[in-house]
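Trainee: Going down the list, the protein sequences come from chains A and B. The letter at position 14 of the first sequence is residue 14 when you use the numbering used here, and the numbering goes up by one with no holes. The letter at position 157 of the second sequence is residue 157 when you use the numbering used here, and the numbering goes up by one with no holes.
One should not assume that every hint holds.
To give a feel for the contact side, a few chain B residues facing chain A, derived at Cβ under 7 angstroms [claimed, not checked]:
1) K117
2) H118
3) Q120
4) I121
5) S124
Source of the hints: derived by calculation from the structure; they are not laboratory data. Since the model is a prediction, treat every value here as computed from it, not as a measurement. Positions of the beta carbon are idealized from the N, C-alpha and C atoms, including for glycine.
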Amino acid sequence: MSAVAVPKHEEAPVLEIPSRTYLNDGYSIKSWLLTLDHKRIAILYAVAIAIFFLMGASFALMIRLELLTPGGDLMEAETYNKMFTMHGLIMIFFVLIPSIPAILGNFLIPLMIGARDVAFPRLNLMSWYIFMIGGTFVLTAALFGGVDTGWTFYTPYSSVYANSNVILTAGGAFITGFSSILTGLNFIVTIHTMRAPGMTWFRLPLFIWAHYATSLIQVLATPVIAITLLLLILERGLGLGIFNPNLGGDPILFQHLFWFYSHPAVYIMILPGMGVISEMIACVARRRIFGYSFVAFSSLGIAIIGFFVWGHHMYVSGQSVYAGMVFSLITMLVAIPSAIKTFNWTATLYKGSISYESPMYFTVGFLGLFVIGGVTGLFLATMGLDIHMHDTYFVVAHFHYIMVGGEIMAFMGGLHFWWPKITGRCYPEFWGKISATLIFLGFNLTFFPQFIVGYIGMPRRYHTYPPEMQIFNVMSTGGAFVLGIGYLLPFIYFLWSLKYGKVAGPNPWRAKGLEWENTTSPPPTENFASTPIVTEEAYEYTHLPEAHVVRASTH
Amino acid sequence: MWAFLVQEILFFGGLFTGYTVYRSYYPDSFIAGSHHLDIFWGGLNTVVLIGSSLTMAMAVWAAQNSKKSQLVLFLILTLVLGSIFLGVKVIEYTDKFTHHLIPGWDFAWAEPHGHPKHVQIFYSFYFAMTGMHALHMIIGAGIIIPLIIMAMRGKFHKDYYAPIEVFGLYWHFVDIVWIFLFPLLYLIGRH
Numbered sequence: 001m002s003a004v005a006v007p008k009h010e011e012a013p014v015l016e017i018p019s020r021t022y023l024n025d026g027y028s029i030k031s032w033l034l035t036l037d038h039k040r041i042a043i044l045y046a047v048a049i050a051i052f053f054l055m056g057a058s059f060a061l062m063i064r065l066e067l068l069t070p071g072g073d074l075m076e077a078e079t080y081n082k083m084f085t086m087h088g089l090i091m092i093f094f095v096l097i098p099s100i101p102a103i104l105g106n107f108l109i110p111l112m113i114g115a116r117d118v119a120f121p122r123l124n125l126m127s128w129y130i131f132m133i134g135g136t137f138v139l140t141a142a143l144f145g146g147v148d149t150g151w152t153f154y155t156p157y158s159s160v161y162a163n164s165n166v167i168l169t170a171g172g173a174f175i176t177g178f179s180s181i182l183t184g185l186n187f188i189v190t191i192h193t194m195r196a197p198g199m200t201w202f203r204l205p206l207f208i209w210a211h212y213a214t215s216l217i218q219v220l221a222t223p224v225i226a227i228t229l230l231l232l233i234l235e236r237g238l239g240l241g242i243f244n245p246n247l248g249g250d251p252i253l254f255q256h257l258f259w260f261y262s263h264p265a266v267y268i269m270i271l272p273g274m275g276v277i278s279e280m281i282a283c284v285a286r287r288r289i290f291g292y293s294f295v296a297f298s299s300l301g302i303a304i305i306g307f308f309v310w311g312h313h314m315y316v317s318g319q320s321v322y323a324g325m326v327f328s329l330i331t332m333l334v335a336i337p338s339a340i341k342t343f344n345w346t347a348t349l350y351k352g353s354i355s356y357e358s359p360m361y362f363t364v365g366f367l368g369l370f371v372i373g374g375v376t377g378l379f380l381a382t383m384g385l386d387i388h389m390h391d392t393y394f395v396v397a398h399f400h401y402i403m404v405g406g407e408i409m410a411f412m413g414g415l416h417f418w419w420p421k422i423t424g425r426c427y428p429e430f431w432g433k434i435s436a437t438l439i440f441l442g443f444n445l446t447f448f449p450q451f452i453v454g455y456i457g458m459p460r461r462y463h464t465y466p467p468e469m470q471i472f473n474v475m476s477t478g479g480a481f482v483l484g485i486g487y488l489l490p491f492i493y494f495l496w497s498l499k500y501g502k503v504a505g506p507n508p509w510r511a512k513g514l515e516w517e518n519t520t521s522p523p524p525t526e527n528f529a530s531t532p533i534v535t536e537e538a539y540e541y542t543h544l545p546e547a548h549v550v551r552a553s554t555h
Numbered sequence: 001m002w003a004f005l006v007q008e009i010l011f012f013g014g015l016f017t018g019y020t021v022y023r024s025y026y027p028d029s030f031i032a033g034s035h036h037l038d039i040f041w042g043g044l045n046t047v048v049l050i051g052s053s054l055t056m057a058m059a060v061w062a063a064q065n066s067k068k069s070q071l072v073l074f075l076i077l078t079l080v081l082g083s084i085f086l087g088v089k090v091i092e093y094t095d096k097f098t099h100h101l102i103p104g105w106d107f108a109w110a111e112p113h114g115h116p117k118h119v120q121i122f123y124s125f126y127f128a129m130t131g132m133h134a135l136h137m138i139i140g141a142g143i144i145i146p147l148i149i150m151a152m153r154g155k156f157h158k159d160y161y162a163p164i165e166v167f168g169l170y171w172h173f174v175d176i177v178w179i180f181l182f183p184l185l186y187l188i189g190r191h
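My request is simple: use the sequences and hints to build the entire structure.
Mentor: This is how it looks when you write it as structure tokens:
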């Protein structure tokens, strides 16, 4: 830490946005659409995913509005089917899977490991275009009447009987998969080959470990869904009989192939969130993450075990009981690495000097919701219980606790945490806390009643239900609107802060890490003035860095 | 590139899994179906592809040793062999077409052995697997043409041959897929 860019003053100096950043390196549309800068590509993803998120959320609100009353008052069963299908499809393939890797991962991985860019910048841009083409397919399908198979595309309904735009939608998901594969590939190579001098594997921030594990799943699992969807499209388009029992095919095979991807995909969604949480906890507690290597390896553990649990989606689909028992056991094993992480985070917070800013609000929210989501996952992993709860709202509540309460909570937290780095300006802290609180309360109000109503037997995917279940559904719908407001607020104050927010300075949180200590906010196009040289472990919080100082390289 | 190939293996892995499952369901029909494939054309294609792997390996060697004219020659030979493979596939597909063996569309099966529906599944896999394989060959041919042009301009020499080597990996991978496809589709069950 020899050289400093700004001389030390007694009081903090007036902070200014640096004169040369990645944001003002060209203003034309072309400079954005043909950019090879990983930071700009992350922004492109952010804009696209924000739009998809708003669409997916409005479908969700339509679902909740319909379920306000026991009868089918607002829409027909068929329209309702399309609503939940489009909600699931858009949220899973276009929000949950890409959100953290494509936005925060793209922006931060090179910054965190001290690289100038990702390994294949052109491939990175191409991934975004592939993502957008896939998105266009799905949107076109939505405009021409939507699709009603559920996001799972179960055969033979999807391949033979459905009268909606299955081919177009499945084609969109197929194409988007390649974007996911290429992003994962890019990250793996980047992490292997582009680390700064001194950045050994066990000095990497846990965010990087989590993304490495995620990328492995993306590269290994996504091709299987690709071929599955392709066979589905061929069957529907050309009348092949691979999954159609009338022609001798086996619909269960589709479920096996589908879940062989789609269960690991769940970990594509949650693992990056865990990486974000690790970073934020280390910063707010001012401590090195307790059990660093355990947390790092638990990411890989989840990635590996995640490949062997797909059968737990099919306990009642006609798979053999013995297979079910094995899958049940392996599924419970996933709880171990997840619990390791949770305990280590808690241990990090214990006796840490914690400060309560918005990212911490989201982090605490994440921990609470993730624990509930994880523990109810064990209920569902148990075969006997699952037969009772299969396809009820209990399942819906469980995966929303993990996906929305876990992943989206972590994503929002991460967005708040790195917003000053991405834009150079601070968001209003007060409103950040309000938004985090609203999201937490609204979320619980929406989904906790669904555990109860699911347990007493309300099946998912129906647009009507018995009147005695109405009270839970009214709570749920009310909560959904609170949640909606919680998500809308950041849209407003983030946009506001772009122009009026307080200038952040290079390191407003006084956090450790190359992205905070060694470069300005926002960073210049080339990321670092000179290649950083890493001389210490990750999260070495014994000396807090200064908020306004950019540490130059130590050589 | 290795990571890319791993994802390709899983991509084809899905198809192989499906094939295996149905083969164990309907062994008779699959055997009957495979009797209808022409082992001559399949065998010829195997030889052609193994030959192209050889020329590709020679091309990588030529690039590593800065032998420009040999590099261009071997790349062109690889392209030619690949095209022969695709040409033979066209002959085979035409044959299936005239014998009403295109699944889902005008499929007819008059042989005594095998259930028509199950034989149709065999042909579904035949077309899906060889079709995906052929698509990879076409993509390969699409990549090799710019490589030939670059090689002619002398872009590759012993200090810069990564594109040739990486493409070689891809080409060998596509060959290996065929090495698996050929016995699975043509040979097993043939007496």
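Trainee: Taking the hints in turn, state whether each one holds.
Mentor: Quick rundown of the hints versus the structure:
1. K117: holds (4 angstroms)
2. H118: holds (5 angstroms)
3. Q120: Where the cut-off is 7 angstroms and the nearest Cβ of chain A is about 6 angstroms from Q120/B, the hint holds.
4. I121: Hint on I121/B: holds, closest Cβ of chain A at ~5 angstroms, below 7 angstroms.
5. S124: Constraint on S124/B satisfied, holds at 4 angstroms.
Violated hints: none; the structure is consistent with every hint.
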